[in-house]
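Peer 1: Use the sequences and the hints to build the structure in full.
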Amino acid sequence: MTEVLPVEGFNFGPILIAQQPFSALPWVVMLPLIAALLCFTLYNIKAQRVISLLLGIGQMLLTVWLASIIAEDAASSVVHQLGGWPAPLGIVLTLNGFSALLLVMAAVIGFAITVYSCRYFTSSEQERKFWPLFWLLLVALNGIFISSDIFNLYVMLEILGLSAVSLVAIQAQRGALQAALQYLLVGLCGSLLYLFGVALLYRTYGVLDINLLSKVVIAEPVSQLALTVITLGLLLKTALFPLHFWLPSAHSNAPAPVSAALSGLVIKGSFYLLFVFWFKILSPAATFAGATFLGVLGAIAIVWGSVKAFNTPRLKLVVAYSTVAQLGYLFVLFPLFFGRPDLAMGAVAYFIVAHACAKAAMFMAAGSIQKAAGHDDIARMSGIASKMPLSIFIFAIAGASLIGLPPTGGFIAKWLMLTSAIESQQWWWVLVMLAGGLLAAAYLFRILNLAFTSGQDVPSEPLKNGPRERLWGPLILVTITIFIGFNAMWVLELLNAGTGVFALQPTDGLMTELANGSVNTAPSKEGL
Amino acid sequence: MFKTDDVSAKPAHVFYKALIMVSMLAVTLSLLWVVLPAEVHSNAVAQKITQNMAQSGVLNPVTAVLLNFRSYDTLLEIVVLLVVAIACMPMHRGTVHTHEPVITSSSVHSLVALLVPLITLVAGYMLWVGAFAPGGAFQAGALLASCGLLIILSRKFTFEFHTLTARICLVMGLTIFVGVGIMSQQSGLFLQYPVESAAGLILFIESAATLSIAATLLVCYLALAQANVRSNAPSAIQPMMQPAKVEQEK
Amino acid sequence: MPIDSLLDHLLVFGILLFAASALLVSKLFSAIVLFISLGLIVSLVWIRLGAVDVAIAEAAIGAGVTGVMLLAAWKRLR
Amino acid sequence: MMSQVELYTFCAVILLGMGMTGLILNQHIIRKIIALNIMGIGIFMLLISTAGVHSGAIDPVPHAMVLTGIVVAVAGSALALNLAARLKDMTEQADD
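Residue numbers (the working numbering), protein chains in the order written: chain A, 214 to 741; chain B, 180 to 429; chain C, 176 to 253; chain D, 503 to 598.
Careful, some of the hints might be misleading.
[To be verified] Pairs of lysine to aspartate or glutamate residues, derived as DMTMM-like cross-links and limited to a Cα-Cα distance of at most 25 angstroms, are as follows:
1) K202/C with E594/D
2) K590/D with E340/A
3) K590/D with E338/A
Calculated from the structure, these hints are not laboratory results.
Peer 2: Here it is as structure tokens:
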């Protein structure tokens, strides 16, 4: 059953057969799934914490091991045919440098959130529901990063969306439920639009596998329509301005570990898909004008999100609006893929990792402050730095990364972005990036400034300092933020292992399209 | 656009409404303009499926796709149901009581007594026949859930959400699916059933999935309908209607 | 017009009519009932198109279970 | 005169447009759910309408996709209705 099956009518090229070590690939999804099943069946918070910590470590080891295999063997990506059925018939899992990097990121941030959550919840009812849903969220994220079947990705997107909504709803307050309901409707509408795109693609090309599809897609009205509706659906889920309206309330009303997962990880899942559709699957249908349009929306998002973050009275809402702003950078990079795709690719990956670590840490620190102070009203936070030095320290380092100050991961990400904008001869984006950094500095220093001034005029309330151990979670992330600020090559090398089959080839196709005004449909791509 | 502040209907401005309707009409027409003339693919995958049916262990091509060729999708579909079941379960330990059965008339009662075994039988048949003809776990699960619903409506009924039995019913389908997937790995490929035992394994997975699907649908319905029985058992329902106290104190 | 084609046109007309009225009718209860009926007509279309598996699922889950849940929610949200 | 595929494609796209319009214009959660489900039916019809175009084998993949889609749609609707019901309980308590 594992022999190469050529398909009539298409020149699909040879289909790689899974090699022995990569039978571990489905475990990336199965491990969190088993964790979720155990957590739900036992339904006892002590057991759930132990299972989550142990399997969280296991997940980190597994993903780091897979990443090291990818980094060593830079030749191509890793393939696993589920059920032994090759691509047009069955579903295939693939792993390349980019997805390996994202898997490691998800596992590490997931573990940090696990550590934090063990000491966060005050209600055992909430915590009992949190663990299985959190693991199911990781199932969907990991699944998105390794799946190479567009319908399977739809199911994964639904799991991601529904579990994210359920996690917001465990905060049994009116505001949280309202936010969850709005988030759910937006998410369902987004996944239906995505499914519409999948239906159009299957109708026209008759295949669902990403690699096969990318070889038969040509620039025609149907593929462009499919790209449009898929982009629209995924933008709803990724919350690019002006479709960000649901994000601030959902991310700020959720419990802090959930906010960290939503801002750090969930949004990256749908962004990753958007990225794959634009620069791999449907790259012949992608146009520079469309990418520039997304870039302009991203630029508006940076300014708008920052201004809203500056004017907002609540701490968690500031962090949520900051997510809206930071997501803008990822879209500003879209037009740069038509100039220097190699540089833009590095910038995208680096920015995703740096932002995920910083934002997750920041939300957890904000959650700690909120728990201790009993509110998250910024006006009443003067002098909080002396009472909660560790939380404010984490907040400050994460903030430095968001602004793009050295020696953090955010600095390297900004630097890569600036280089790629200048090298692509699209210097105007540089202005947006610099302005965004200044605006981020403005809204973050507003909080830090207040935290460090001793409040004489405001009566300081007694703080119920929560358990300190939970801050180990965000501390891990802050350490990583600084670590990747010093060791950029480590991340970029892993990425380069995968770019060979990932970003460069489709954009080569794009460049021929740009150069000739026609589309290169010859299946000249090697590898898969 | 997605405002849900108020559950009651609020009339939107007429001009705004008309504008949206006209623009959506334009969108629909342009969709038609692109989709209608588009060419339809050749049937390459269908041919592949016909060629490989002998190895799938079943005769119904849809079941073969759902539980063999693309069984990973079905596995995740059951995960979707599990997510919703967990999310719908009430937060606090709670029991649903119906002290007064909804169906009271004795003639309807005898009809229910006839229907329940009949529907269960049909569900079982649906599950079994899925291997050869239209049918399968999801249809059977829905039938089984309707059967459960009839029982709930026709008698005094107590349902405890947070028992081990309830949770095992909910996760059983998924656990067995994952277990079979891991155990049946040939040459290291996940979900690869041996050809000779594929039929048995598929039926095994489907039976467990049917129970879990029925349980999930019932849990969703009961969590939704619990307010209907609130007045019957105020003492039992009261605790789960309260928002988390702990959170408000902080 | 051959009888098959006539049947198709009738079904499409019925579907569009029921969908439009389910969205436009002023009483919520009627909207739910119209939606359930829409599900049943759609399952006839699935049979017409040779998708009997989908037809059974649509009738049992799409129309049946969704309908029951919508009615339960209607009763509770009233 | 439209062929069968064209007819059902036409119907599918109109259903999709109707569903989207209904989703945007209606405020009540139940109506929004109905609109979402009508959108879903449109997409399912788009998938199934082409499954039997070629004489010979009917393509079962779209059928399997639609079966999965129906179950996912029910799951999403159930969650939305549950959240709405919980929200209503909480609002009523706040009013008391």
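Peer 1: Hints first: check each against the structure and report whether it holds.
Peer 2: Here is how each hint holds up against the structure:
no.	hint	result
1	K202/C with E594/D	holds (23 angstroms)
2	K590/D with E340/A	holds (23 angstroms)
3	K590/D with E338/A	holds (20 angstroms)
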